[in-house]
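Asks: In case you want the letters, here they are:
2 protein chains.
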Amino acid sequence: MNGPESYLERERRRVDAALAEYFPLLPAHPHRLIEAVRYSLLSQGKRIRPILVLAACEAVGGHAERALPYACAVEMIHTYSLIHDDLPAMDDDALRRGQPTNHVVFGEGLAILAGDALLTEAFHVLAQSAAADPRPRRALRAMREISEAAGARGMVGGQAADLAAAAAPADLATVEFIHVRKTGALLLAAVRAGALLGGARAPALKRLTRYGECLGLGFQIADDILDVDAPTSVTGKTEGRDGILHKATFPAVLGLPAARQRARELLDQALGALTSFDTRAEPLRDVARAVVGRACDL
Amino acid sequence: MNGPESYLERERRRVDAALAEYFPLLPAHPHRLIEAVRYSLLSQGKRIRPILVLAACEAVGGHAERALPYACAVEMIHTYSLIHDDLPAMDDDALRRGQPTNHVVFGEGLAILAGDALLTEAFHVLAQSAAADPRPRRALRAMREISEAAGARGMVGGQAADLAAAAAPADLATVEFIHVRKTGALLLAAVRAGALLGGARAPALKRLTRYGECLGLGFQIADDILDVDAPTSVTGKTEGRDGILHKATFPAVLGLPAARQRARELLDQALGALTSFDTRAEPLRDVARAVVGRACDL
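One line per chain: the protein sequences are W and F, in this order.
With the numbering used here as the guide, the letters of the first sequence map in order to residues 1 to 298.
With the numbering used here as the guide, the letters of the second sequence map in order to residues 1 to 298.
Derived by calculation from the structure, the hints in this document are not laboratory data.
In this text, a Cβ means the ideal position worked out from N, Cα and C, and glycines have one as well.
Be a bit skeptical, because a hint or two may be false.
Label-pair restraints from in silico Cβ distances [what the hints assert, rightly or not]: (1) Arg10(F) / Leu172(W): 47 to 55 angstroms; (2) His29(F) / Lys46(W): 24 to 32 angstroms; (3) Arg10(W) / His63(F): 29 to 37 angstroms; (4) Ala28(F) / Pro257(W): 54 to 62 angstroms; (5) Gln261(F) / Arg13(W): 56 to 64 angstroms; (6) Ala168(W) / His63(F): 44 to 52 angstroms; (7) Pro169(F) / His29(W): 19 to 27 angstroms; (8) Glu282(F) / Leu205(W): 47 to 55 angstroms; (9) Pro134(W) / Gly199(F): 43 to 51 angstroms.
Covered stretches of chain F (chain W as the covering partner; in silico rule of three or more C-beta atoms under 8 angstroms from a C-beta of chain W) [as the list claims (entries may be wrong)]: (10) 120-126; (11) 148-155.
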């Protein structure tokens, strides 16, 4: 098979294989904790964020293989955020990636620790990779982007705003505020980190930043649309969960047709930001079509 | 006042002042999350770990001022671990550093996120400091030590083992396994990171590692003894909490006199590891006397 699916499928397998090497089940390690970590890390994810790191690195002429540990670190951060977000004190969800959530299987205490272990290991991998990098400053810049995006001013801040918004009906500005931080920040950081590792200069970085911003918001709108429209067999999550939780979503504030229109615009803008790039940016175009386009076609 | 107390007091104030600069309450940031972070980060802690970073840096002839951001990052990691350990799904404690625990004040969801934000910011601070460091590889080595000690093979692993041990009476080997990871690893990493930042060579690093190992275990035994012996006004924690939880502690498996004897031996060994150091190691000696010695004198 050719086209977007085969590229994404091949890169997903590459990321899966690399992730499986982390958190080995060694005798001296706390066995049950490692099991809890591997349960979530090695479940069937789309691996969008790590693939973005690799694809952005390639788009500017870098070697994707060198960016692979950074890609894995970003997926560890994403996985930790899913485990913590699913906890009873947060979204209280029982299903994720088509299987019971971490705390349902391992208990709340161990689920919290599995998330903590993943977040910490992500930075350990980044520190090790940067130390081994012939250009440590470039690697450190990527690490700064990732840590900034993951923290209180990014993903964690977005989840906190999401928690607060669950108490009252949200407006469009609130929904955008939450999504830009909760989902958009790490997606953008994945693109920028990959570009920095690949040696991107300022003009290319600027265009890829625009791509990442449009992709980040488009991705979340697509997710919201699928949550309304698609069955659990497609999303791997409890069907219509956002509606049950009165979550701040785009379909909820804009209506479904306008949300779909907005996703289509963002896909166009993401692709438009890549017009000056050659065929090496094709993987980035594939990702945008796959993850934003899926909701436009429904 | 002269002597250990005045040194520790001065350094504690230096660390407090530096910590207060992080997590500013800016309009664009999620206000309640930042409040939750600051509530725990700026509460009255002893600041042992950051002081160890500074003191170890000084002991090998480095400038403590340069190590200050690294010291703050270590304290952020320690504070996140306290917030998560106190959660209902973990130790379920209501009192910490003499005030209600984070989740009691802000709710479980925000407490989990405050911990996540602190852990992430710690690595952001480390990445920024390393990027600005004239010797980024030295800084990266310190970062690797800290992330290794904080993760599944260190602190998080120790907490997981502690959770598991709560189900059955623990033996001495289990207690040591837990303590070496849960408390010892980060204390040792603080010492080693400070030494690396100060430019320590292999022989000095080896001796300081010995110091850090003895201090780490001695610190935890002292903590266990104080939990049995001292009132809440001294520990800032719920009195006799470890006993109520059937926690794996040294006094529980060795008895109080033998635990005190073991603490005294570890203090002697920690000081013995520093005999070849000059007066610049006096702060490290002060820390050992203060945090391990306190339990020997009871």
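Asks: With reference to the structure, classify each hint as holding or not holding.
Replies: To see whether the hints hold, each was checked on the structure:
The supplied range of 47 to 55 angstroms is met by arginine 10(F) and leucine 172(W), whose beta-carbon atoms lie about 52 angstroms from each other. Checking the proposed 24 to 32 angstroms range against histidine 29(F) and lysine 46(W) shows it holds: the Cβ atoms sit about 30 angstroms from each other. Separated by about 50 angstroms at the C-beta atoms, arginine 10(W) and histidine 63(F) break the suggested range of 29 to 37 angstroms. Range check, alanine 28(F) to proline 257(W): Cβ separation about 32 angstroms, and the 54 to 62 angstroms hint is violated.
Between glutamine 261(F) and arginine 13(W) the beta carbon distance is about 57 angstroms. The supplied range of 56 to 64 angstroms therefore holds. Roughly 51 angstroms separates the CB atoms of alanine 168(W) and histidine 63(F), a value that falls within the hinted 44 to 52 angstroms. For proline 169(F) and histidine 29(W), the Cβ-Cβ distance of about 23 angstroms falls inside the hinted range of 19 to 27 angstroms, so the restraint holds. For glutamate 282(F) and leucine 205(W), the hinted distance range of 47 to 55 angstroms is satisfied, since their beta carbons lie about 49 angstroms from each other.
Between proline 134(W) and glycine 199(F) the beta carbon distance is about 23 angstroms. The supplied range of 43 to 51 angstroms is therefore violated. Residues of the region 120-126 of chain F with a Cβ under 8 angstroms from some Cβ of chain W number 5, which satisfies the need for three, so the listed coverage holds. Counting residues of the region 148-155 of chain F whose C-beta sits closer than 8 angstroms to any C-beta of chain W gives 5, which meets the bar of three, so the coverage hint holds.
The structure shown violates the earlier hints numbered 3, 4, 9.
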